[in-house]
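Visitor: In the order they appear, the protein sequences are chains D and E. Reminder that position 14 of the first sequence reads as 14 in my numbering, one-by-one numbering, no gaps. Position in the second sequence counted from 1, then plus 375, gives you my numbering.
None of these hints come from the bench; they were simulated from the model. Keep in mind it's a predicted model, so treat the numbers as computed, not measured. Ideal Cβ positions, reconstructed from N, Cα and C, are used throughout, including at glycine. One thing to keep in mind: the hints can contain errors.
The following residues of chain D were derived to be distant from chain E, with all beta-carbon distances above 12 Å [as the list claims (entries may be wrong)]:
1) Asp99
2) Glu140
3) Leu293
4) Ser347
Pair ranges (Cβ atoms, derived) [what the hints assert, rightly or not]:
5) E:Asp390 - D:Arg48: 53 to 59 Å
6) E:Arg494 - D:His355: 29 to 35 Å
7) E:His730 - D:Gly55: 40 to 46 Å
8) E:His694 - D:Thr167: 31 to 37 Å
9) D:Ala361 - E:Ala704: 29 to 35 Å
Covered stretches of chain E, as calculated for chain D (at least 3 residues, CB under 8 Å) [what the hints assert, rightly or not]:
10) 392-401
11) 537-550
Here are the chains, one letter per residue:
There are 2 protein chains.
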Amino acid sequence: MPGYRDVPTSRWDPDAPTDVDEAEAFLRLFHDENDDSRNLLPRLAAVRAEIAATGTYTHTRAELTFGARVAWRNSSRCIGRLYWRSLRLLDRRDVHSADGIYSSLVEHLCTATNNGNIRPTITVFPPARPGERYARIWNEQLIRYAGHRRSDGSVVGDPRYVDFTATVTAMGWIGKGSAFDILPLVIDTPADGPRLFDLPEHAVSEVHLTHPEHPWFANLDLRWHVVPAISHMRLTIGGIHYPCAPFNGWYLGAEIGARNLADLDRYNMLLVVAENLGLDTSTDVTLWRDRALVELNIAVLHSFTAAGMRISDHHTEAHLFCTHLEREARLGRPVPTDWTWIVPPLSGSTTPVFHRYYHEADLRPNFYLDPEARA
Amino acid sequence: MPGYRDVPTSRWDPDAPTDVDEAEAFLRLFHDENDDSRNLLPRLAAVRAEIAATGTYTHTRAELTFGARVAWRNSSRCIGRLYWRSLRLLDRRDVHSADGIYSSLVEHLCTATNNGNIRPTITVFPPARPGERYARIWNEQLIRYAGHRRSDGSVVGDPRYVDFTATVTAMGWIGKGSAFDILPLVIDTPADGPRLFDLPEHAVSEVHLTHPEHPWFANLDLRWHVVPAISHMRLTIGGIHYPCAPFNGWYLGAEIGARNLADLDRYNMLLVVAENLGLDTSTDVTLWRDRALVELNIAVLHSFTAAGMRISDHHTEAHLFCTHLEREARLGRPVPTDWTWIVPPLSGSTTPVFHRYYHEADLRPNFYLDPEARA
Ligand code: HEM
Ligand code: HEM
Chain D
1 MPGYRDVPTS RWDPDAPTDV DEAEAFLRLF HDENDDSRNL LPRLAAVRAE
51 IAATGTYTHT RAELTFGARV AWRNSSRCIG RLYWRSLRLL DRRDVHSADG
101 IYSSLVEHLC TATNNGNIRP TITVFPPARP GERYARIWNE QLIRYAGHRR
151 SDGSVVGDPR YVDFTATVTA MGWIGKGSAF DILPLVIDTP ADGPRLFDLP
201 EHAVSEVHLT HPEHPWFANL DLRWHVVPAI SHMRLTIGGI HYPCAPFNGW
251 YLGAEIGARN LADLDRYNML LVVAENLGLD TSTDVTLWRD RALVELNIAV
301 LHSFTAAGMR ISDHHTEAHL FCTHLEREAR LGRPVPTDWT WIVPPLSGST
351 TPVFHRYYHE ADLRPNFYLD PEARA
Chain E
376 MPGYRDVPTS RWDPDAPTDV DEAEAFLRLF HDENDDSRNL LPRLAAVRAE
426 IAATGTYTHT RAELTFGARV AWRNSSRCIG RLYWRSLRLL DRRDVHSADG
476 IYSSLVEHLC TATNNGNIRP TITVFPPARP GERYARIWNE QLIRYAGHRR
526 SDGSVVGDPR YVDFTATVTA MGWIGKGSAF DILPLVIDTP ADGPRLFDLP
576 EHAVSEVHLT HPEHPWFANL DLRWHVVPAI SHMRLTIGGI HYPCAPFNGW
626 YLGAEIGARN LADLDRYNML LVVAENLGLD TSTDVTLWRD RALVELNIAV
676 LHSFTAAGMR ISDHHTEAHL FCTHLEREAR LGRPVPTDWT WIVPPLSGST
726 TPVFHRYYHE ADLRPNFYLD PEARA
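Chain D on its own, in the form it takes in the complex (with noise of 0.2 Å):
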């Protein structure tokens, strides 16, 4: 992970009961952004009920929403953040067997792909209530590739994934051993504990990977699929936790071209690329990575637009960014961002959003990663 800091958020402790200023702070902000003042104190007053009596409150489907896109505006190392309003919500508080989060995971990934044209979604699974157990998804996020170990030490598929990829051969699933394997799901439910499940294809779309000049690239046999879906963070509400949300938007592209495939402790394809663009790799003067790098990049932005998938090119969305940070300018409201995440890992300098300062905070509602959720 990048970054300059591994923000120490306070640790979230499940048998702590339901936070009743965070509760009211939340309504109070439900009701003012949504111009519905005078609804505010007969909620407010319904849900420090609810929690005198239950020990917790329960979310409107309205405050959920919009609960859920303010975590989205208030996570400040994602560059995407113009679109917030749009997110759409699947609301599966109803949903307790392994069997059925299983279904509404498949159901979400096909409606959030719709086809290449990704709309961002979330899926809100019933929250944890204060000390009892609560459903989690073990991935990292819904869609990930495998890492075969080989008994030479080197990896087949994605190295991040290898330990995740020991556990689940351990409970019995059998990968076939290519490069790109769809991990199965990890569903563990406090009445089932941990279950294995395959996605089904058409749950998951992929692009093979080419190049618009280089046609040596296709052999590369390089691929990637199109949605982005975290499914390990824990969405926090008005002090109500939901530690099985995810969430998908679309990729920027330099997520896959300057990360997945690029780092050394992942596909590490910089050097291969390199040797058949027939640079010089004897040297780093040459700037063999960077040129590699950027071709990298340009096959993964041109593959995904010519299968119809959209994505984002690093310049558009930080543009686009630079659109979010002004419109909140306009409206009083803070950004809270984080340079070292929102700044693009290629070409860093060529964007707008490098030669600026941001605020820092920690805003509430949000997503956060807890430490036991850590792959």
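Following the hints, complete the assembly by docking chain E with the ligands onto the known chain D.
Guide: Below, chain E with the ligands without anything else, positioned relative to chain D:
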């Protein structure tokens, strides 16, 4: 300026007496790191007596050399710190006149350039005495190019220095009107006030930029100076302030290729380079900026190297910085580091400095930029 934070360091008060605690902390550090604890107490007593009698104290040559080196070591935005022990000191604490400062600066540039085998060097002029006026160089760097504003609003040269160019023009300087006119020095002494000095040709090495593969690149008539010498920062050592203490290293290629020649508000060459490369600049998604950026940086590194002028690429220097981090860790010393400045402005994630967290701190000795010294 990049960076997530406009470091709010305590403001310098030139009228305040020399801080005895800072003097003591520095002298302890000096004796400690130089295995000279025997002489600490007598030196402390002498310095305390000197401050009591005169309001300030005088560094020995060894203290000054060590202090300047540690100021470099503590510069959290500098990636070149592996070499901190190699800093050469030109002790000019006896030079007060504008003419004397000028000839010392010319000497600095010549000995630092060293025919291309650049030597990190600092020239230290007299410290500020509490309550007294002091000499200062107005220029941000000893060598920089003028920015001439045309009547149609466009700029010939470096737009960053349009105001500075207007100021020196009003003082009587006459530029050639080219894109690369070397700005005159403005040396401001208590005795004479600000005076203009032109640098002699032999003190300024420049490189004409060519590209190893594209002959047309030479026709862009781009060039850059070989020595980056920052001249507007204040060196602070043990409570003593040296407002006039220009220092230089060698260039990291990206400073020229990804910032000075590429930034929209500097020479802004990416579009021109992209057009010459025949790239499709009609849409962001072709990554024409990224391709042009890499070729521009290749040209910089190639041209300097071909001319026998020392320069570093960001991959090499990032690795050396990681060596520095390890070395300092073994010695038990923190390395205050600003992620947003250390990660290079292009291909960030391909360098090892991207993938980690850093210690953030404001340690002394150090270099500071006073508000009144900003361009
Ligand atoms: C609509 C298109 C979207 C784009 C282009 C986008 C882009 C990005 C990018 C590039 C990152 C950095 C990822 C990395 O470096 O690993 C990021 C992080 C993040 N985004 Fe978005 N995003 C989008 C939608 C969303 C949505 C819908 C949500 C939530 C509802 C969201 C919440 C987040 C969060 C919480 C992070 C930080 C993840 C972490 O800490 O690991 N984003 N986004
Ligand atoms: C030896 C080769 C050196 C290299 C390759 C190097 C590299 C760099 C780079 C790339 C930056 C960032 C510049 C920017 O983005 O504007 C920087 C900043 C800095 N360096 Fe170095 N440096 C070197 C020598 C030195 C020396 C000799 C000193 C002082 C004695 C020094 C002190 C600093 C300071 C104070 C900054 C921050 C400047 C500011 O805040 O504007 N560096 N260096």
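Visitor: For every hint, state whether the structure bears it out.
Guide: Here is how each hint holds up against the structure:
{"no.": "1", "hint": "Asp99", "in the structure": "39 Å, holds"}
{"no.": "2", "hint": "Glu140", "in the structure": "17 Å, holds"}
{"no.": "3", "hint": "Leu293", "in the structure": "6 Å, violated"}
{"no.": "4", "hint": "Ser347", "in the structure": "5 Å, violated"}
{"no.": "5", "hint": "E:Asp390 - D:Arg48: 53 to 59 Å", "in the structure": "58 Å, holds"}
{"no.": "6", "hint": "E:Arg494 - D:His355: 29 to 35 Å", "in the structure": "32 Å, holds"}
{"no.": "7", "hint": "E:His730 - D:Gly55: 40 to 46 Å", "in the structure": "43 Å, holds"}
{"no.": "8", "hint": "E:His694 - D:Thr167: 31 to 37 Å", "in the structure": "34 Å, holds"}
{"no.": "9", "hint": "D:Ala361 - E:Ala704: 29 to 35 Å", "in the structure": "31 Å, holds"}
{"no.": "10", "hint": "392-401", "in the structure": "violated (count 0)"}
{"no.": "11", "hint": "537-550", "in the structure": "violated (count 0)"}
This entry does not satisfy hints 3, 4, 10, 11, going by the numbered hints stated previously.
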